[in-house]
Amino acid sequence: MLRIAPGTRHRISVTVNGRPHAGFAEARTLLSDFLRHELKLFGTHVGCEHGVCGACTVNIDGRAVRSCLRFAVQVDGAEIRTVEGLAEGGALSPLQEAFRRRHALQCGFCTAGILISATQFLETSPNPTEAEVRDMLSGHICRCTGYEGMVRAILDVAGETP
Amino acid sequence: MSAGGFWVGAPVPRKEDEALLTGHARFIDDMEPVPGIRHAALLRSPHAHAEIRSVDLTRAAAHPGVHGVLSGADIAAAIGPIPSAVRVPIDYYPMAVGKVRYAGEPVALIAAEDRYVAEDALELIEVDYRPLPPVIDPKAAMDDDAALLHEAVGSNVVHHREFRYGDPETAFAEADRIVRLDWTFPRYSSTPMETCGAIAQFEPAPDRYTIWSNFQGPFILHALMCGALRVPGNRLRLITAPQSGGSFGIKQGMYPYMVLLAAASRLLGVPLKWIEDRLEHLVGSSSASNREDAVEAAFRSDGTLTGLRFRNTVDVGAYIRAPEPASVYRMHSASNGAYRVRNIAVDNRLVTTNRLPIGLNRGYGGPQFFFALERAMDAGARALGIDIAEIRRRNFVPADAFPYRAPAGALYDAGDYEAALDRTLDLAGYAALCAERDRAKADGWLFGIGLATAIEPSGSNMAYVTLAQTPEERARAGGRSGGLGTCTISIDPSGSVTVKTVSTPAGQGHATVAAQVAADALGLTPDDIDVVTEIDTLTSAWSLASGNYANRFSSVVVDAIGNAARTVAEKIRMIAAEDLEVAAEDVELADGTARVVGVPEKSLPFRRVAAKAHWHPAGLPEGMAPGIFETAVLSPPGLGPPDEQDRVASAVTFGFICDLAAVEIDPGTGRIEIGTYVSVHDVGKVLNPLIVEGQIVGGFAHGIAGALMEEMVYDEDGNPLSGSFADYLCITAPEMPRLTIGHVDTPSPHTALGAKGMGDGCSMLAPVAIANAVADALGREDVEPPFTLNRVWDLVAGGGGAG
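Protein sequences appear in the order of chains A and B.
Under my numbering, the final residue of the first sequence carries the number 162; numbering is consecutive throughout.
Under my numbering, the final residue of the second sequence carries the number 803; numbering is consecutive throughout.
To be clear, the hints were calculated from the coordinates, so they are not data collected in a lab.
Built from N, CA and C at the ideal position, the CB exists for glycine as well.
There may be inaccurate statements among the hints.
Pairwise CB distance ranges (calculated) [to be verified]: (1) B:Thr-58 <-> A:Gly-18: 25 to 33 Å; (2) A:Glu-160 <-> B:Arg-300: 58 to 66 Å; (3) B:Pro-204 <-> A:Glu-79: 44 to 52 Å; (4) B:Asp-782 <-> A:Asp-135: 42 to 50 Å; (5) B:Asp-782 <-> A:Glu-160: 35 to 43 Å; (6) B:Asp-347 <-> A:Lys-40: 51 to 59 Å; (7) A:Gly-18 <-> B:Pro-734: 44 to 52 Å; (8) A:Phe-24 <-> B:Glu-570: 55 to 63 Å; (9) B:Gly-65 <-> A:Lys-40: 19 to 27 Å; (10) A:Glu-160 <-> B:Gly-623: 54 to 62 Å; (11) B:Ala-583 <-> A:Glu-160: 41 to 49 Å.
Here are the simulated lysine to aspartate or glutamate pairs, EDC-like style, with alpha carbons at most 20 Å apart [what the hints assert, rightly or not]: (12) A:Lys-40 <-> B:Asp-114; (13) B:Lys-685 <-> B:Glu-418; (14) B:Lys-15 <-> A:Glu-123; (15) B:Lys-99 <-> B:Asp-30; (16) B:Lys-15 <-> A:Glu-84; (17) B:Lys-139 <-> B:Glu-581; (18) B:Lys-685 <-> B:Glu-664; (19) B:Lys-602 <-> B:Glu-630; (20) A:Lys-40 <-> B:Asp-30; (21) B:Lys-685 <-> B:Asp-416; (22) A:Lys-40 <-> B:Glu-113; (23) A:Lys-40 <-> B:Glu-32.
Derived coverage of chain A by chain B (criterion: at least 3 residues anywhere in the stretch with Cβ under 8 Å from a Cβ of chain B; other residues may be distant) [said to hold, decoys possible]: (24) 16 to 26; (25) 62 to 69; (26) 116 to 122.
Can you build the whole structure from these sequences, using the hints too?
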């Protein structure tokens, strides 16, 4: 079994948004801190660091995961997608466009995690009901919007999906 | 663009969004403005009330990676106490000195190479506490034998004033019916998703502090920070981050932490960064006040409200932290609410307890004030056998009475309350809803309807807080009045426009609306205009009221933007007029050009005309100053100081809100089903309907959360029981009731565009609207939020509503 001494730093290599990244992490370094402060990918935000608010959600190997509940050393070699990778080729994704159109964000702090969750949700549930959208969103806390705009935005995009 | 050809009023999508949606917007924890930053962690008290016998930092200081350690005594030796508006002998320091007074109060600070190491070292600090009796219940705190938080004060009551307007004694003596209610209003907080954070740097020779933060000031608090740090204002430079992840008032409460970091940076000789974590936020940041309030309302038998008596007991927590006692005075000069009643008595007490100090939170004092007034209206209607809508209709300030001077001094600018009520009833299908309620009740179901109305004071008069002082004390202290707004618009040598609002938004879309306002004045599009909303107190044009609170953007700042934009437009027209060989009055700015009115082909590109002010000063009209850099400063009309009768015009605009809730209660579970919730708003001229609706829904979410679920609970020993998001249950998407929004907008004569402030909205009314509906459903008036399952179930079972 791999034994990791306190204070020891490890080289972690990951693919983030299709590009290789590497940095150092202690065994206890949260993935959220690794992404932000080691890889300087500040688009992922930290809202509670105890797995409730969902702001820090990133996609790891195809699944939406709270990055505050993962250690960086657990994702060595993984494919990670963060909010910075959603606008491909510089154009907003249909979901990002819908968020803008529907005023689904105000301060925008929780938005990164919600976009990551909703993107994966629509991949697995292309035709959700409003109740299903709200249920998915229950894994996220937004204090500004009352959720109304994002529910409409997600339903807009679901309606456009063939 | 809207139908009338103006950007103002159109649902312009937000300028802010693209950076936020793609992860490129920058917040305080993303910033590293200076090299060599160390990271701070705070040891916080586990006790609500205890003497600090000793703090041993030796082991922590020796921990590898630790740069420095500080106790409260170290901080107190370096700075002065943070001044307060209430003159009581309390020395408030940002870290505990001698005694801890709430669980979560900072006791020691560690600076280390990173936050992980700093938190490791916290565990090596040894503090010897001698626990003291905790004071948690504000009523018990007023007992003669209660333990004292601040011995030098001699009481836990730190402020007490009584006010009297009109002739309340006669009103009550002659009343046909008097309604009395008392209740406990819970403590809750809007818990922004981004916590507080700051980076502080001290530089010597001369002493100079710079603090980068997501503070929403500077407001009056900059001056208090300078007082504590003992520097003039130009040596405390506050710079806000480009984006702030929500605030709702809460981030005004972070200034003691900014003082702490500044002092610690000085003592330790390094720049320091501290990002509050969520656990710290919930026990150590700020919250709205819990209150022990009572109201008496005197009615004639026809439902006319003739008198009001408010008895407010505000639990301020462990220290009275500025801008308190403002939470109990923000609504004061509008104590009549939306009604004509002229006889009002108010008794305000502020009490210290061993809880987190309170501060601004969405609606600031509004949820508590309207709980009193609007509970009394529904209860009065039931007592008199009058419909809850009808009793309000009979008491409203009538539409032809505006501008209306309220008995305690507020000047209501514009409104048509009855029209808004009618719109509410119409959207709710009120007659059918009442029939449904009556049928349901006859069948034994618990179904109720509640109504509530509010005026929404916006753009505060800085002087209203001085109501905390007697007229004699005010006279001695010197004059206070106004609520200045500022804006700077500049055009650089390339001809591009930048608007600086210094309005420190936290998601309210100020940049978008500012660009709309400026675009209309300059004949440009919002996309042509860049907006800087953050503040730098050393380089921005700002004033005492600058910051983001009390709905001041659309009630004050927008007019400053308009004034600056008009000045710039006038200059552009004058420059163009000379080149076009016409009079300036004949030049209009439209479609990115300066052109001759009626001869659109005679035009010059806007950018070229503007650039001339930099490139060719000698070619400008005679006497014109070169460059384009215009700062507008305005003091909104009518914001004078309080008079000797304690009357003050507390705000610039007074919007109106009317909420109606219909609920059904499941007696088996205590679950409240909100079948109907209608909210009609008067925000004056709507500047951007997309943003207005977003603010209304957001305010509703906070109000409903306060009504149904959110509460910062302390046990009898003063332990905070809501210390994580697993315990403090924020409202999520499935719990949100459906909201129907309506508008009856009367333009404000107090603002150039007719806009009123807005944003607090339903955060002030949802708790009382739901309480009124619950009272109707249960047939009892002794109901108190939050209406959690346990409490409602207990009420249904005939209990007292214990959780």
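To see whether the hints hold, each was checked on the structure:
| no. | hint | in the structure |
| --- | --- | --- |
| 1 | B:Thr-58 <-> A:Gly-18: 25 to 33 Å | violated (50 Å) |
| 2 | A:Glu-160 <-> B:Arg-300: 58 to 66 Å | holds (60 Å) |
| 3 | B:Pro-204 <-> A:Glu-79: 44 to 52 Å | holds (50 Å) |
| 4 | B:Asp-782 <-> A:Asp-135: 42 to 50 Å | violated (36 Å) |
| 5 | B:Asp-782 <-> A:Glu-160: 35 to 43 Å | violated (52 Å) |
| 6 | B:Asp-347 <-> A:Lys-40: 51 to 59 Å | holds (56 Å) |
| 7 | A:Gly-18 <-> B:Pro-734: 44 to 52 Å | violated (34 Å) |
| 8 | A:Phe-24 <-> B:Glu-570: 55 to 63 Å | holds (58 Å) |
| 9 | B:Gly-65 <-> A:Lys-40: 19 to 27 Å | holds (21 Å) |
| 10 | A:Glu-160 <-> B:Gly-623: 54 to 62 Å | holds (59 Å) |
| 11 | B:Ala-583 <-> A:Glu-160: 41 to 49 Å | violated (54 Å) |
| 12 | A:Lys-40 <-> B:Asp-114 | holds (15 Å) |
| 13 | B:Lys-685 <-> B:Glu-418 | holds (18 Å) |
| 14 | B:Lys-15 <-> A:Glu-123 | violated (29 Å) |
| 15 | B:Lys-99 <-> B:Asp-30 | violated (35 Å) |
| 16 | B:Lys-15 <-> A:Glu-84 | holds (18 Å) |
| 17 | B:Lys-139 <-> B:Glu-581 | violated (76 Å) |
| 18 | B:Lys-685 <-> B:Glu-664 | violated (36 Å) |
| 19 | B:Lys-602 <-> B:Glu-630 | violated (27 Å) |
| 20 | A:Lys-40 <-> B:Asp-30 | holds (8 Å) |
| 21 | B:Lys-685 <-> B:Asp-416 | holds (14 Å) |
| 22 | A:Lys-40 <-> B:Glu-113 | holds (17 Å) |
| 23 | A:Lys-40 <-> B:Glu-32 | holds (11 Å) |
| 24 | 16 to 26 | violated (count 1) |
| 25 | 62 to 69 | violated (count 0) |
| 26 | 116 to 122 | violated (count 0) |
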